[in-house]
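Colleague: Here is how the chains run, residue by residue.
Protein chains: 2
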Amino acid sequence: MSQHGHYRMSDVGKTVTVQGFIQKSRNLGQLLFIDLRDRSGIIQLAFDADHPLKETAETLKHESVVSATGVIQERSSKNESLATGDIEVKIETLTIHSEAATPPMLIQDDTDALEETRLKYRFLDLRRPVIQHNLKVRHQIMQATRKFLNAQDFLEIETPILTRSTPEGARDYVVPSRLYADAFYALPQSPQIFKQLLMVGGLEKYYQIAKCFRDEDLRKDRQPEFTQIDIELAFTSEDAVTALAEDMIRAIFNAVGEPLHDEPFTRLTYQDAMERYGSDKPDARFGLTFASFKESIGTLPLDFLTDTPLHGFVVPKGNDALSRKDLDGFKGLFDSLNATFIYLKKAETYSGSLAKHLTPEVTQTLDAMMTAGDTLILAAGQDALVGLGRVRLKLRDQLDLVKDAAHRALIITDWPMFEYDADTARYYATHHPFTLPKGDLKTIEGPADQLNSHAYDIVIDGHEVGGGSLRIHQSQIQKAVFNHLGIDEATAEARFGFFLEALKYGVPPHGGIAFGLDRLTMILAHTDNIRDVIAFPKTSSAQDLMSEAPGPISDTQKKELGL
Amino acid sequence: MSQHGHYRMSDVGKTVTVQGFIQKSRNLGQLLFIDLRDRSGIIQLAFDADHPLKETAETLKHESVVSATGVIQERSSKNESLATGDIEVKIETLTIHSEAATPPMLIQDDTDALEETRLKYRFLDLRRPVIQHNLKVRHQIMQATRKFLNAQDFLEIETPILTRSTPEGARDYVVPSRLYADAFYALPQSPQIFKQLLMVGGLEKYYQIAKCFRDEDLRKDRQPEFTQIDIELAFTSEDAVTALAEDMIRAIFNAVGEPLHDEPFTRLTYQDAMERYGSDKPDARFGLTFASFKESIGTLPLDFLTDTPLHGFVVPKGNDALSRKDLDGFKGLFDSLNATFIYLKKAETYSGSLAKHLTPEVTQTLDAMMTAGDTLILAAGQDALVGLGRVRLKLRDQLDLVKDAAHRALIITDWPMFEYDADTARYYATHHPFTLPKGDLKTIEGPADQLNSHAYDIVIDGHEVGGGSLRIHQSQIQKAVFNHLGIDEATAEARFGFFLEALKYGVPPHGGIAFGLDRLTMILAHTDNIRDVIAFPKTSSAQDLMSEAPGPISDTQKKELGL
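Residue numbers (this note's numbering), protein chains in the order written: chain A, 1296 to 1858; chain B, 1296 to 1858.
Note that these hints are calculated values from the structure, not bench results.
Hints are not guaranteed to be accurate.
Which copy? The list can't say, so a pair holds if one copy fits it or any two copies do.
Stated by the list, open to error - Straight-line C-alpha distance at most 20 Å; calculated SDA-like pairs for lysine to any residue: (1) Lys-1853 to Leu-1474; (2) Lys-1506 to Ser-1485; (3) Lys-1612 to Phe-1581; (4) Lys-1853 to Arg-1466; (5) Lys-1799 to Ala-1395; (6) Lys-1799 to Pro-1347; (7) Lys-1774 to Val-1657; (8) Lys-1853 to Tyr-1475; (9) Lys-1799 to Thr-1851; (10) Lys-1733 to Leu-1628; (11) Lys-1737 to Asp-1662; (12) Lys-1733 to Pro-1711; (13) Lys-1799 to Leu-1355; (14) Lys-1349 to Gln-1318.
These numbers were taken from a predicted model, which means no experiment stands behind them.
Bound-form chain A, shown alone (with noise of 0.2 Å):
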């Protein structure tokens, strides 16, 4: 591999091959120059005229691959915009390993291909720098993982893929099996039991950068088959975990040469992160935070106000920034939730709905906090939380809020253990079934909706990058949880007996964690589209666009898989 876009002035008088792709040509008749791209970057190749190659070079299309030898030279002309700009190579020799036809794109940062076209010729997608340095962030992203856990005496130990469906709620992928009738594996959601299996093992650390897969309906930032950061360890607490987790993001974020608040992440529960920002994920990078305004607003005798919660946050300067149309949009958001939203904006006086309301006790509360030009936002109701979350992020988009280059992260805790689902009537665990209540047996085979569990998120920039909890590792608590999931005791032995069986014969308490690659890569590489931090996407209909998979198979494979 030649690097020819690290040769610079200090280089001038070396003799040198590089090899690579045709990026362009320029031919000014007496002279030819070629603009050669590798991984590195691009070179200039100057020809003189009287070079015997130059006529055959001059016929080259560009994406058609040579190597050359020749010495390194300043260039008379200098381009600013390129890092090897103030010097050439000039060509003594040429090889034509390969000659392009026309693609079917431009190969450049900011082609013009529809992802489509994009999608089909990813092999010539590939070759654009931007994607060239995703792949470069997300393989910095495993080495750095590696690295940390490395250091603390992990062991990476990889999982099966062809395995028995996990309770994981969504779709498996399933593999018929040729050598049973009407058997199947199932490609894993996650390495959830294996890796408590590990632990049951006694494996203490373990860690895997993993495959998963659901055949989900996909969504923008979804793929079929994603890729985990995947960390389970015996012996340890909520707060280990965590720990381990923030120091493993910083040493990611360090590798990757990207800025990551230096501040402790911020801890928050789940309740909190809630009232503050109506978000179980949020952008921690401005502000905006919500306050309750109960006490003041709330005790106006209005109706809509009387047995609810009432939130909201002032937005400075809001009165400009915000037009009736804004204002309008929310009221929209906040009728399709189930809330009220009101605004008042301070001007030399209040406006807006509930102005000729206020109270001299409830203004003067308003003064302390808002000056002229503001606008309070607020929402009352079930869903008001929700509501004013939303309007939060398009507030940072509309008024550009986000002004440090710095990340944000955050560990959300206390997460409830069970989420209740009117339509079924029943619970459901909020992260997993295995995942550890808290409080002690008693109380986990008290009321459903009062616990808690030791699970935790970590945020970064208003995403979810990673997740986790302690794990049930008593059979008495595991039972209780069953309880509450309407899962009785046949069910349980046919879903996962064998990992109820492993409970018995001694198993530490253990506790872990799993990042979603896909999502970091796409926060470090400053990209909001999953497809441009993978190799070999998917569509969104879960469809290898290149390859044309899925794809049709023979008869005699359907008939040995009894199909």
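Fit chain B to the known structure of chain A by using the hints.
Modeller: Relative to the frame of chain A, chain B by itself:
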């Protein structure tokens, strides 16, 4: 994690907390001793007669999990067979995390359990120190590999698991698509096409420790899913790839602390390997290499020596070492092949079926290579070399010929490009159809049976641990190879049209190599059982006895998948 296996006399007086599984207890009435096991080893816990927890501790069954705090003290009665045998922890406090039921197998290296029991209770089998050691070796190999490749600017890049069938010959595992009728993903048999597309994509240096899948009828050392250290690079040569492989193997053996013969890896062509060792994966840790006897014994006027090669080797002191039964066994082996077995014993004179035909000239030649007591093993006929190769390995084991602890690596080059299959009357690619044949286009378009290829294998101690090749990067050569394989244009287009399309847009010359991680670990961990180097292996009939995979899926799921 405690690291109590590392405590020594120098730690006496320290207060420590240890945690792990109870290996066993010795109750001496007055005193109670518990052996506590963690990943690092075993340490003795000592309870005084009057310790308030002694009675509780006495009731604990082995494999129960505890934490204990106490002071390290010198033992009164030392145990030389234990690394921590000079010391013990005098217990102050004890926490019982999990009480174990009596496990169905002994948790120690020389367990009495059947392999079926071990696999069903893999979470217990994993507690055995020998399995933990193997997984640690596997971990070390992975880390040494990455460290080596990272230092050379390789990027670790993940290729997809849900993909399209690749033409590797073996059967694919397939995954039915829920979204597309009668469509299937295939699990990759190797990342071959994707890694080549990464080279087309200009990534230049790629590696991945990749899961691969083959739905084969399993042999002893195969698993339905296996792991491959997969490497590809652009602008390279056969010498560069094999040198890289050699350096990497050396780095891996160093990291694990296993001795590897320090001479440069011996390079042998495929043909030389066959003629000298009767194997394409020779075990070079001992002699008994073959010579041709065509010019000596082969000149004797005997029918079965006409028009056939004649190879053989001298077994020093073979007359004593080889019984009549051994020689009969060899004869049976050659009879089952297409070959004729002969032997000659030298005592004062020569004996054996050929003895009476020996001429003075031939006798003189034999005298120069044999001393009294030696046996000459010879074979003629088409499969003679293969038969001799098997006899050579039998003798290795029977006569215990491997004396050197150092492992021995070879590089086998110049593989035939094609193999002819008489049954189907056609040629098959010895490696795969993307392997670059040696020679220019005209040669490559010439007779198939005369073509060698830029393919190479790495062989250690008689096992193939790695193999690779330079790849075809030019369409005309690819077409010539398809021609030899009887693949017409329409078939090529249907099977790997997207790959042929990729060859049109400028392709760097490239090549690579892949190593079997399972096999490498087996060699470095000194085991013949592939299931002892995989955390959660499958049986030779592709079952996971622990989780009972493959298993049934629900009717809903089948219906969604159109099965």
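Colleague: Each hint: holds or not?
Modeller: Structure-based check of all given hints:
1. Lys-1853 to Leu-1474: Both, since 13 Å and 18 Å are each at most 20 Å.
2. Lys-1506 to Ser-1485: Result: close both inside a copy and across copies, 8 Å intra and 15 Å inter.
3. Lys-1612 to Phe-1581: Classified as within: same-chain Cα gap 15 Å, cross-chain 85 Å, threshold 20 Å.
4. Lys-1853 to Arg-1466: Only across copies: Lys-1853 and Arg-1466 sit 12 Å apart there, 22 Å inside one copy, limit 20 Å.
5. Lys-1799 to Ala-1395: between (64 Å within a copy, 6 Å between copies)
6. Lys-1799 to Pro-1347: The answer is neither: 80 Å in one copy and 27 Å across copies each exceed 20 Å.
7. Lys-1774 to Val-1657: For Lys-1774 and Val-1657, neither the intra-copy (51 Å) nor the inter-copy (84 Å) Cα distance is at most 20 Å.
8. Lys-1853 to Tyr-1475: This pair counts as both: shortest intra-copy Cα distance 14 Å, inter-copy 16 Å.
9. Lys-1799 to Thr-1851: Neither: 45 Å inside a chain and 33 Å across chains, both beyond 20 Å.
10. Lys-1733 to Leu-1628: neither (35 Å within a copy, 68 Å between copies)
11. Lys-1737 to Asp-1662: Answer is neither; intra-copy 49 Å and inter-copy 90 Å both fail.
12. Lys-1733 to Pro-1711: Classified as within: same-chain Cα gap 10 Å, cross-chain 66 Å, threshold 20 Å.
13. Lys-1799 to Leu-1355: between (70 Å within a copy, 13 Å between copies)
14. Lys-1349 to Gln-1318: within (17 Å within a copy, 78 Å between copies)
Violated hints, in rising order: 6, 7, 9, 10 and 11; the structure is consistent with all others.
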